[in-house]
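Student: One letter stands for each residue in the lines below.
2 protein chains.
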Amino acid sequence: MVQTIQLQPLSIENFAPFGEVICCGGQDFFHINDAHTERYHALVTTEIFGEAHAGISIFRNIKQTEIPFSVSMLERHPNGSQAFIPMQGQAFLIVVAPALDDQTPDISKLCAFISDGTQGVNYHAGTWHHPLLTLEAPSNFAVVDRIGISRHVLFTEGKIEVQDEGSQLLAFLVAPKRGMMVADFCAGAGGKTLAMGALMRNTCYRDWE
Amino acid sequence: MVQTIQLQPLSIENFAPFGEVICCGGQDFFHINDAHTERYHALVTTEIFGEAHAGISIFRNIKQTEIPFSVSMLERHPNGSQAFIPMQGQAFLIVVAPALDDQTPDISKLCAFISDGTQGVNYHAGTWHHPLLTLEAPSNFAVVDRIGISRHVLFTEGKIEVQDEGSQLLAFLVAPKRGMMVADFCAGAGGKTLAMGALMRNTCYRDWE
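Protein sequence lines, in the order shown, are assigned to chains D and G. Position one of the first sequence corresponds to residue 3 (my numbering), numbered consecutively onward. Position one of the second sequence corresponds to residue 3 (my numbering), numbered consecutively onward.
None of these hints come from the bench; they were simulated from the model. Check each hint, because a few of them may be wrong.
If chains are identical, the list can't say which one is meant, so a pair holds when it fits in one copy or spans any two.
No farther apart than 20 angstroms at their CA atoms in a straight line, the calculated lysine to any residue pairs in the SDA-like style are these [stated by the list, open to error]:
{"#": "1", "residue 1": "Lys161", "residue 2": "Glu138"}
{"#": "2", "residue 1": "Lys161", "residue 2": "Gly199"}
{"#": "3", "residue 1": "Lys65", "residue 2": "Asn35"}
{"#": "4", "residue 1": "Lys65", "residue 2": "Arg41"}
{"#": "5", "residue 1": "Lys65", "residue 2": "Leu95"}
{"#": "6", "residue 1": "Lys65", "residue 2": "Glu15"}
{"#": "7", "residue 1": "Lys161", "residue 2": "Ala44"}
{"#": "8", "residue 1": "Lys179", "residue 2": "Ser110"}
{"#": "9", "residue 1": "Lys65", "residue 2": "Gly192"}
{"#": "10", "residue 1": "Lys111", "residue 2": "Met75"}
{"#": "11", "residue 1": "Lys111", "residue 2": "Ile14"}
{"#": "12", "residue 1": "Lys111", "residue 2": "Gln5"}
{"#": "13", "residue 1": "Lys65", "residue 2": "Leu137"}
{"#": "14", "residue 1": "Lys65", "residue 2": "Asp36"}
{"#": "15", "residue 1": "Lys111", "residue 2": "Ala200"}
Let's have the full structure, built from the sequences with the hints guiding it.
Tutor: Structural data, given as structure tokens:
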């Protein structure tokens, strides 16, 4: 069954179940910088769970969306909020749904909003939403969200590696001592090798493929 | 002595000693959202020190700056980075200086940059910079910086109070027990009262002004 939903103008009130609208209209401010500037303070407090930091990326949309369009998927980020801020005063579309249960969005309550171009949005952690939809392309958005380890520069440059728990447990079970020779007859990327090498303080370890 | 400095076009390279440029040009990206979007990932990793969160505010500049202008002050935020992202594709000015020592900027090395309007900036924690300078007004910027407790909604709505360490130490020295009567002959805002009330599990405390 096809369900048709209407685009609504985005407002602080109608978006409240899903997150915050990043805009001046209807928000309090105080003066800073010798009254040269109005500060609309802490419109969003970024949510970041687990071992990660908040970071700023740019999403550059290179394909525009024509209205009407069909919604075929939604996504969510359980471990952090995600904010989209238009950098060119450009309008964009926001499609969200409340949760039906822990696993599923309530598609019967899907909502579609249109930003007036001065408004950004912040999705609370876990909010079901459609990926970025823009009416013009290319179109740049500043995105404030959770930066996990897998894209951290220390990781991408190969300076650190994430070891899974199993590899580490196995290394402790083997309990290699400094000066021993340990043969791994089926090494993959080398996670266990690294863990055992560290336990042996990097002496006398041979990795046999 | 008046020192004259030239505005330079902002670039990733010339701004590197002070922080990051938030822009697409010259940055790597990867595709997301079924190749509808280029993600210029983690251009900034937000720095937040102490008990605080990253948050998003809007700075709306209501007075424009005419060039040439005089620089009479600089500021810095030792406990967090601060990013400025133009929301209307508008150009703006950036004035920064390296540190001379722990307390002072090196004014002899003052730099002034102009963003082309597609570029935002992130000041590293502790970077000396001039408050926001815009060539047009009003002019909106998304600002990602440290949100301390004093402007947190729980604080501004009076739901939590910050107690200074002295008040708390005194309460522990008095060591009131449940059921005792304690007289404070010189109560101010009530910080010690609250601390002692908590130690007495909110029984039998009288606050005498």
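Student: Each hint: holds or not?
Tutor: Checked hints:
{"no.": "1", "hint": "Lys161 / Glu138", "verdict": "neither (39 angstroms within a copy, 44 angstroms between copies)"}
{"no.": "2", "hint": "Lys161 / Gly199", "verdict": "within (16 angstroms within a copy, 52 angstroms between copies)"}
{"no.": "3", "hint": "Lys65 / Asn35", "verdict": "between (39 angstroms within a copy, 10 angstroms between copies)"}
{"no.": "4", "hint": "Lys65 / Arg41", "verdict": "between (34 angstroms within a copy, 13 angstroms between copies)"}
{"no.": "5", "hint": "Lys65 / Leu95", "verdict": "within (13 angstroms within a copy, 32 angstroms between copies)"}
{"no.": "6", "hint": "Lys65 / Glu15", "verdict": "neither (30 angstroms within a copy, 30 angstroms between copies)"}
{"no.": "7", "hint": "Lys161 / Ala44", "verdict": "between (35 angstroms within a copy, 17 angstroms between copies)"}
{"no.": "8", "hint": "Lys179 / Ser110", "verdict": "neither (61 angstroms within a copy, 57 angstroms between copies)"}
{"no.": "9", "hint": "Lys65 / Gly192", "verdict": "neither (40 angstroms within a copy, 59 angstroms between copies)"}
{"no.": "10", "hint": "Lys111 / Met75", "verdict": "within (14 angstroms within a copy, 52 angstroms between copies)"}
{"no.": "11", "hint": "Lys111 / Ile14", "verdict": "within (18 angstroms within a copy, 44 angstroms between copies)"}
{"no.": "12", "hint": "Lys111 / Gln5", "verdict": "within (10 angstroms within a copy, 62 angstroms between copies)"}
{"no.": "13", "hint": "Lys65 / Leu137", "verdict": "within (9 angstroms within a copy, 32 angstroms between copies)"}
{"no.": "14", "hint": "Lys65 / Asp36", "verdict": "between (42 angstroms within a copy, 10 angstroms between copies)"}
{"no.": "15", "hint": "Lys111 / Ala200", "verdict": "neither (53 angstroms within a copy, 45 angstroms between copies)"}
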